[in-house]
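*Asks:* Turn these sequences into a full structure, and let the hints steer you where they fit.
Quick note, the sequences are listed as chains A and B, same order.
Take our numbering: the final residue in the first sequence is number 106, and no numbers are missing along the way.
Take our numbering: the final residue in the second sequence is number 362, and no numbers are missing along the way.
Because the hints were derived from the structure by calculation, they are not lab data.
The beta-carbon is built from N, C-alpha and C at its ideal position, and this holds for glycine as well.
A few of these clues could be false.
Unchecked claim - In silico BS3-like links for lysine-lysine, alpha-carbon gap of 27 angstroms or less:
hint, chain 1, residue 1, chain 2, residue 2
1, A, LYS90, B, LYS20
2, A, LYS20, B, LYS42
3, B, LYS55, A, LYS70
4, A, LYS52, B, LYS42
5, A, LYS87, A, LYS20
To be verified - Here are the computed distance ranges between Cβ atoms for each label pair:
hint, chain 1, residue 1, chain 2, residue 2, range
6, B, ASN242, A, GLU19, 31 to 37 angstroms
7, A, SER63, B, ARG287, 37 to 43 angstroms
8, A, SER34, B, LYS225, 55 to 61 angstroms
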Amino acid sequence: MDAQFKKGILDICVLSILEKKEIYGYGLEMEMASLMDVSGNTLYPLLRRLEKDDYLDTYMHVSEQGRRRKYYRITDKGRSHLKELRKDWKAFKEVADRLIGGDVDE
Amino acid sequence: MNKYLFLGMLQEELEKKISKDEVKDIIEYYDNYLLEAQDYGKSEEEIIAELGDVKTLAQSILNNLKNEEDIEINETRTSPDWSKTIDELSHEFSKAFSQIGETIGEVSKQIAETETFKDIFGSEDVEEIIDAEINEMQSINQEESFDLDDISMIQVELSNLSCHIELVESDQLNLKIIKKPEDTFEVMIKKADHRLRIVEKKARIYTLFGNHKRELRIGLPVGYKGDFKVDCANSAIKIEGNGRKSACHYTLECANGYVEVNRAILGHLDLDCKNGKVKLDEVIVYRANLDCKNGMITYHMLPNSYGKVLDVRCKNGVITVDGVHTTNGHYQTRIPSRNDSKHELSVVASCNNGIVKMKGFE
Chain A
1 MDAQFKKGIL
11 DICVLSILEK
21 KEIYGYGLEM
31 EMASLMDVSG
41 NTLYPLLRRL
51 EKDDYLDTYM
61 HVSEQGRRRK
71 YYRITDKGRS
81 HLKELRKDWK
91 AFKEVADRLI
101 GGDVDE
Chain B
1 MNKYLFLGML
11 QEELEKKISK
21 DEVKDIIEYY
31 DNYLLEAQDY
41 GKSEEEIIAE
51 LGDVKTLAQS
61 ILNNLKNEED
71 IEINETRTSP
81 DWSKTIDELS
91 HEFSKAFSQI
101 GETIGEVSKQ
111 IAETETFKDI
121 FGSEDVEEII
131 DAEINEMQSI
141 NQEESFDLDD
151 ISMIQVELSN
161 LSCHIELVES
171 DQLNLKIIKK
181 PEDTFEVMIK
191 KADHRLRIVE
201 KKARIYTLFG
211 NHKRELRIGL
221 PVGYKGDFKV
231 DCANSAIKIE
241 GNGRKSACHY
251 TLECANGYVE
261 VNRAILGHLD
271 LDCKNGKVKL
281 DEVIVYRANL
291 DCKNGMITYH
301 MLPNSYGKVL
311 DVRCKNGVIT
321 VDGVHTTNGH
331 YQTRIPSRND
341 SKHELSVVAS
351 CNNGIVKMKG
361 FE
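*Replies:* What follows is the structure, encoded as structure tokens:
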């Protein structure tokens, strides 16, 4: 898969997961790995960029067992960005469906 | 490969190419990552194996960072000074382990019951005994002292609970127990799943809890000359010497954890910190046996130190001793110390498959 294309998809995927729940890095990777090829070196740069862009933020949570975990959560800016990304994705998908599906006049 | 070596190697690889600030963030992420993976039933070794070759991982992180942010990557940066790397790692791990609470291993082993043991968790009716102890503790004001003449050994067994020991001056031979009224013993004890066992019933030691930082805090008077044993698996032991001298015999066990001793002159130290990290900073130990299999030992001696026996074992790990010089992975010799020709420093450093760095002596 093209790197830039995958990068855009990863943004939507990460923000979509975080829209549903707050989660820590490894958990996020597991969620994504069940759907697509994501390795242990992919998410850190992505999460870092999204955090720098204020699309997500982090906080430390201590479980009842005393386990400290760094959780990621989507911000309001992140939700707005996700909304835009979904629009773009929908528009892209419609065009792609028409092209790939053979609906375009040759 | 254990976590500490993995993170140390990753840090070394990354620092060849990007700034230390950038590296610090990445190391913190992967430190957390390895802990988080345990929630999914994976061991440290498994997840490190999944991450693959460290050099490849580092390069791929750098590629992804460049792709995401056009981060500046210096292709000609030289390899970092190991001693500096260890210092910085030490800071990182110190920070990490000060936030103890990670349940990553086995619960502390059982010790046979004897009449001299006061085991507040050993009874079948645990909660009742805990309540009784708590009620008794509530009656203690700010401090309570015990006659050290009655105590020949203090033994503390903890699991996932850090232990902070501070050497304190005391005119009388008393063991000082410091209490902070705001701490909530009951919540901590039941949640922490730890064991606290004290030899000699007169020596009561209790625990503190607050701000998510759980620890047993002990003010140990310098006049105490008995044995002092702490087993603190999966957690941290810290001795703050405040420049004082302590004649007691320390036995510290901290598997998978972190041990730090600062500014202290100790008589006899037996230390076992498998898979963990040890940092002795400005410390003199007259007789030290340090075992840190698969871990890291950093030992900065006090200047003008003298008369020591140092036995360091760190199989598959990294040893740095500041004050001694060697060039290979196994070191055994007797050499005079710098400023006192009457005393000799005996060093045995065994570090199979690891790295030994000692400096300061010719």
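*Asks:* Indicate, hint by hint, whether the structure satisfies it.
*Replies:* To see whether the hints hold, each was checked on the structure:
Taking the CA atoms of LYS90(A) and LYS20(B), the gap is about 41 angstroms. The hint is violated against a cut of 27 angstroms. A distance of roughly 25 angstroms separates the Cα atoms of LYS20(A) and LYS42(B); the hinted pair therefore holds under the 27 angstroms criterion. Restraint check for LYS55(B) and LYS70(A): satisfied, since their Cα atoms lie roughly 26 angstroms apart, inside the 27 angstroms limit. Taking the CA atoms of LYS52(A) and LYS42(B), the gap is about 30 angstroms. The hint is violated against a cut of 27 angstroms.
With a CA separation close to 18 angstroms, the supplied pair LYS87(A) and LYS20(A) stays within the 27 angstroms bound. The hint said 31 to 37 angstroms for the Cβ distance between ASN242(B) and GLU19(A), and at roughly 51 angstroms that hint is violated. About 41 angstroms separates the C-beta atoms of SER63(A) and ARG287(B), a value consistent with the hinted range of 37 to 43 angstroms. Look at SER34(A) against LYS225(B): about 60 angstroms separates their beta carbons, and that is inside 55 to 61 angstroms.
Of the hints listed earlier, those the structure fails to meet are numbers 1, 4 and 6, in rising order.
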